[in-house]
Each structure stands twice: as C-alpha cells, then as structure tokens.
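Taking the hints into account, I'd like the entire structure generated from these sequences.
Protein chains: 2
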Amino acid sequence: MIEKVGKSTLALSEGPTIQSYAAVGGKKEQEGPLGREFDFTDTDTTFGEKTWEKAESAIQKKAVTLALEKAKLDKKEVEYIFAGDLLNQCIASSFGLREFGIPLVGLYGACSTMAESLSLASIFIESGCAARCAAVASSHFCTAERQYRLPLAYGGQRTPTAQWTATGGGCVVVQKGGAGPRVRHITFGKIVDLGITDANNMGAAMAPAAADTLKNYFEDTGTTPGDYDLIATGDLGQVGSELLYELLGMDKIHLQPRHKDCGLLLFDRQTQDVHAGASGCGCSATVLCAHILRQMAAGKLRDILFMATGALLSPTSSAQGESIPGIAHLVHITAE
Amino acid sequence: MIEKVGKSTLALSEGPTIQSYAAVGGKKEQEGPLGREFDFTDTDTTFGEKTWEKAESAIQKKAVTLALEKAKLDKKEVEYIFAGDLLNQCIASSFGLREFGIPLVGLYGACSTMAESLSLASIFIESGCAARCAAVASSHFCTAERQYRLPLAYGGQRTPTAQWTATGGGCVVVQKGGAGPRVRHITFGKIVDLGITDANNMGAAMAPAAADTLKNYFEDTGTTPGDYDLIATGDLGQVGSELLYELLGMDKIHLQPRHKDCGLLLFDRQTQDVHAGASGCGCSATVLCAHILRQMAAGKLRDILFMATGALLSPTSSAQGESIPGIAHLVHITAE
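Chains A and B are the protein sequences, given in the same order. At position 299 of the first sequence (counting the first as 1) the number is 299 in the UniProt record's numbering, and the numbers step up by one without a gap. At position 150 of the second sequence (counting the first as 1) the number is 150 in the UniProt record's numbering, and the numbers step up by one without a gap.
Be a bit skeptical, because a hint or two may be false.
In this list, chains with the same sequence are indistinguishable; a pair is considered to hold if it fits within one copy or across any two.
Derived SDA-like pairs: lysine to any residue, alpha-carbon spacing no greater than 20 angstroms straight-line [said to hold, decoys possible]: (1) K300 / R36; (2) K260 / R294; (3) K75 / K252; (4) K215 / A319.
Hints in this document: simulated from the structure, not taken from any laboratory. What you are looking at is a predicted structure, and each value in this text was computed from that prediction instead of being measured.
Structure (structure tokens):
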C-alpha cells in the first residue's frame with residue numbers, strides 16, 4: 001500500500017525488494033576507488049561500437065543484461081522498464097533497450113534519473129501494476145561533453161568547479177516480495193532555481209533542489225540525518241556538497257557526518273584530475289549499483305537515503321540566458 | 001485498485017477522474033478545423049517571448065494555468081506533475097513548469113508523451129500516491145523544425161510524407177473521485193522498430209508500435225474496435241494511418257470505422273499545406289484537450305481509446321545510420 005506521509009513523501013508499506021543490480025563503467029571508473037566493485041568495465045570508450053552514442057546504448061544494454069543474469073531472470077520476466085539518459089531525445093535508452101521487448105516508460109530527469117526510475121519502478125510494484133520492473137540510467141563522458149560543452153578534440157580548459165561526466169550505467173531490478181533491500185519511502189522533488197547561470201558549476205545549481213527535497217523528507221518522516229547509515233547524494237561534487245551543508249545548516253539540519261556524494265566517491269579527485277568530482281546520470285547510477293547496494297548486501301549499511309540530483313538545463317537554454325533549474329528525487333532503502 | 005489484465009494492460013477499478021483540461025495552440029491550430037475548441041490561441045509564434053523555446057515553455061505554463069483555472073484549483077492542490085516535450089533536455093517542461101512549485105516527474109516519450117503522462121498521473125491517483133495530478137505535453141513547429149531538421153529561414157522543401165509539428169500544448173488534471181470521464185485501462189507499449197530510416201516519414205516509423213500496442217490491448221481486454229466510440233491515435237498522419245490499417249488487418253483487426261488520427265484532425269490537409277498531417281507531442285495533447293474530452297463532456301463520445309505514438313529518434317541517431325524506433329502508449333477513457 002502507498003500512503004502519503006506529510007506534504008510530499010510516499011510511504012510504501014510492503015516495500016518492493018531490490019532483487020538484482022548491475023553497474024557498467026569505463027576506464028576511468030575502473031581506475032577509480034570503486035573500480036573493483038563494477039560488474040563490467042571496458043577500457044575502450046567505444047565499448048566496441050562505432051560511435052560514443054552507440055557505446056552509451058551498449059552500456060545500458062549491458063547493465064540490464066547483467067542485472068537479469070545475476071538474478072537468473074529472463075527478459076520476459078520484467079514487465080516494465082523505466083529509463084533515461086542525458087542525450088538529446090534520450091537515445092541511449094531508446095536504442096540500448098530496443099531489443100528487450102519490455103514496455104518502456106521513458107524518463108527525463110537529467111542526473112536525477114536513477115532515483116526517478118527506481119522510484120517509479122517501486123511504485124509500480126507496490127501498487128500492483130507489476131511483479132517485477134527494471135530501472136536504468138546512463139551517461140558517457142564523450143557523448144555528454146560534445147553535446148553539452150565543446151568538441152573533445154578542442155581540448156578546452158576545465159574550470160575548478162567543473163565535474164567529470166561518468167561513463168557508465170546502472171540497472172536495478174525491483175520485485176514484489178523476496179529477499180533483498182526494500183524501498184520504503186520516496187520523495188519526488190520540485191524544480192528549484194536560485195538563479196545559478198554557470199554551466200560549469202552544476203553542483204551549485206543542484207544544491208538548492210537537493211536541500212529542498214531532503215528538508216521535505218525529514219519534515220515529512222520526522223527523522224533526522226542521524227537516523228540513517230548513509231545519505232548519498234547524486235552528483236553534487238565538492239562545490240555542491242558544501243553548498244548543501246550550508247543551505248541545510250540554515251534549517252539546523254546537519255548532514256555532514258552521514259553524507260557522501262556519489263560524485264566524490266566514484267573518482268579520486270587527487271589523482272584522477274576530475275576537478276569538483278563526477279557527474280552525469282551514470283554517476284549516481286553506478287555508485288548505487290556498484291557500491292551502495294553491495295554494501296547493503298554485505299551488511300555494512302542498513303538504512304540509507306539515495307537522492308539523485310539533476311540540472312535541467314540545455315545548451316540552448318544557457319545560450320538564451322536562462323539560469324539552471326535543479327531537481328532532486330529521494331529514495332529511502334533499508335536492508336531486509 | 002490496479003490489476004494486470006492479460007499480458008500488458010493495467011485495469012484501474014475505481015478509475016481516476018479527469019477533472020479539468022486545457023489546450024493552447026498557435027495561429028495554424030486556430031485556423032484549423034478544431035480552432036474554436038482551443039482554450040487559448042496566439043497568432044504570434046513567440047507567445048510574447050523572446051525565443052521560440054521560451055514560447056514553448058509559455059505554452060506549457062498557459063495550459064497548466066488554464067486547466068487549474070477551469071477547475072478553480074490552486075496550484076498547491078496539485079501534488080505531482082508529469083510532463084515532457086520534444087526539445088533537447090525537455091526544456092519546454094523544465095522552464096515552463098518551474099514556477100508552479102509542484103513535484104515534477106519528467107518524461108521523454110517523444111510524441112507519445114501525452115498518453116505517457118496521463119497514464120502515470122492516473123496510476124498515481126489510483127494507487128493512492130496522490131489525490132490530484134496534472135499531465136502535460138507540448139511541441140512547437142519552430143523549435144522542432146530547427147532542432148530536428150533545418151533552420152526555418154532555409155525554407156527547405158518538405159516531402160509528401162512529412163508531417164507538420166503542432167504548435168501547442170495540453171494539460172489534463174486527474175483526481176480521485178468526483179465528476180468527469182474516468183481512466184479505465186492503460187497499456188504501456190514497448191519499442192518496436194521495423195527498420196524505417198526516413199526521418200521525413202514518422203508515420204511509417206510509428207505505425208508498427210501503434211499496431212503492437214493496440215493488438216495487445218484488444219487481446220488483453222477481449223474487446224474489439226467496435227466496442228469503442230472512438231480510437232484516436234496520436235500523430236500517425238495519412239501515411240501512418242494507412243500502414244496501421246494494413247498491419248492490424250493482418251491480424252483481422254479492422255480499425256478503420258472507429259479510428260481517427262489526431263494528426264488528421266488538427267489541420268485541414270486540403271487547405272493548410274501540412275502534407276501527411278500534424279505531428280509533435282502537442283498534436284495529440286491539444287486534440288485530446290481541445291476536442292476529444294469536450295466531445296465526451298458533451299455526451300457525443302462515451303468510450304474511447306487514446307493512444308499517442310512516439311518516434312524515438314534524434315538527429316544524431318539518424319546521422320549515425322540508425323533506424324527509427326517507435327513506441328505507443330494507450331489510455332482507455334469512459335464517460336462517467
């Protein structure tokens with residue numbers, strides 16, 4: 001049963017089970033601190049395809065294939081797939097998932113996609129729409145850079161606040177009943193825009209949305225950061241994380257001791273030259289599927305909040321002088 | 001309660017009520033056969049904004065505002081908004097809905113968006129996630145043409161199979177209980193790709209997906225086209241509609257007497273020079289909100305299927321030699 005708690009949080013009383021998950025990454029992700037936890041990494045940015053866009057589709061396909069294999073599932077046993085990515089018209093999802101023949105609910109949530117897809121998949125299970133769904137998200141450094149910023153060959157200098165788009169994707173399979181971590185609460189965020197216009201400072205653009213969703217969640221559930229083993233944000237990076245502490249601090253919410261940002265977990269900022277950290281739908285998707293859910297399976301984490309954040313800009317909106325609206329969706333997951 | 005019927009159809013036993021709806025259109029839409037049924041039309045393609053992209057955001061904002069006004073609702077009474085459009089990174093939705101402060105579930109379903117957003121909004125109501133949700137979709141001829149095809153100033157010749165992207169948007173407000181038409185069944189479609197590569201023939205690319213979803217729906221529910229007053233497809237246009245009849249004919253399903261395509265309703269093909277018909281998320285969204293739901297309110301239609309179809313391509317995927325995958329989502333609506 002699903003019940004609204006407080007103003008904007010959904011409580012899932014049974015709680016769909018995370019049955020399986022898989023993370024796929026690239027070379028830099030393999031060389032990062034979580035490298036060994038990925039299910040599959042490829043040192044070639046093309047993943048054997050002719051273009052980077054096709055490579056990103058291959059990442060989604062591989063992530064779904066591996067998540068199904070790990071749970072010994074046939075694709076016919078998945079009733080709906082929720083997916084999105086950063087590419088224009090979300091072609092990584094459309095082409096990557098084309099062959100599965102599973103009804104698709106296409107999403108656009110920028111880098112918040114993994115939380116959005118997992119939330120909708122969980123709601124479909126809890127409400128009886130389906131017995132098993134998959135949630136997918138991906139990004140690719142090479143497709144994102146050339147689409148959002150500059151041709152890679154141009155070799156543009158990156159600013160200190162810039163983040164490095166993760167090459168990777170994650171897939172979570174959620175089902176009714178069974179063993180595994182359970183999705184307990186969901187808070188969908190609203191668009192928050194404090195007027196940041198610097199497209200090289202996504203963390204700052206997304207932090208206000210992150211603060212808003214977290215604040216609403218804590219209010220709705222009457223909990224505090226101390227009640228959780230981990231509060232994982234999507235890809236705020238160093239700059240965005242500090243801003244998040246500052247914004248929540250104004251409301252006397254002290255996140256820091258329990259907070260980790262996926263953008264700061266995926267790469268080693270000291271040695272991997274990623275400036276303010278990682279970003280992209282694939283950042284939170286891979287950190288969730290390679291690391292966080294493994295830590296839950298190993299009993300190291302029991303009660304976590306996973307909140308992915310998205311910057312809802314496009315090169316066109318920036319060129320037209322618009323600021324960068326942010327959004328953040330939150331999922332509360334507990335060990336069985 | 002939501003129950004799976006057959007392989008892929010969801011039956012909503014209570015059935016969320018369509019409380020309000022509004023359609024916003026441009027000059028060509030105003031001049032078309034449904035012109036008088038729109039809630040608002042503007043003869044200026046900019047809708048008073050500085051760019052066409054901002055104009056499309058203004059369309060979404062206006063559609064939501066009017067739908068709320070018509071039902072005397074405050075924006076705070078809408079718990080979730082489901083929205084999408086055709087622009088890169090769905091900026092029409094992000095910027096158009098920014099000021100409402102309503103939690104947003106961002107979607108990408110290409111021209112299938114209106115059915116996708118209405119489906120998810122209905123599922124949220126039926127499952128108890130919310131008491132009231134809004135579903136929105138839009139497109140704009142000028143933003144779509146320059147993004148997908150050629151600069152407008154280039155004056156490129158259009159092929160006979162080409163369709164004319166609708167300038168407009170629709171918003172449907174769905175709620176628990178009350179008076180109004182009810183959403184009874186939902187069928188989410190899977191990606192279907194029969195290898196069409198002509199980006200000027202979207203109808204042909206989407207027809208196989210339309211056939212697949214309709215066939216599944218009829219099988220799942222044990223109904224036939226004759227059981228409905230109207231079967232409205234999104235924007236197959238003339239070419240796609242004929243292909244749809246042919247494809248369903250192979251399975252002895254004869255759609256023609258009850259079928260109308262939104263792409264053939266919005267404009268007068270004889271006088272408005274739109275070649276194979278209208279297209280775009282705004283096509284099915286405006287025909288639903290300006291015409292179909294009004295006809296239901298007037299007692300002229302009692303039992304309808306609304307199925308929007310999407311072509312999941314991007315200029316990049318076409319440039320890389322990819323074919324055009326299609327998708328179609330279906331909503332069954334009955335008068336109270």
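Hint check results:
no.: 1; hint: K300 / R36; verdict: within (17 angstroms within a copy, 63 angstroms between copies)
no.: 2; hint: K260 / R294; verdict: within (16 angstroms within a copy, 51 angstroms between copies)
no.: 3; hint: K75 / K252; verdict: neither (47 angstroms within a copy, 29 angstroms between copies)
no.: 4; hint: K215 / A319; verdict: neither (32 angstroms within a copy, 45 angstroms between copies)
Against the hints set out earlier in the document, violations occur for numbers 3 and 4.
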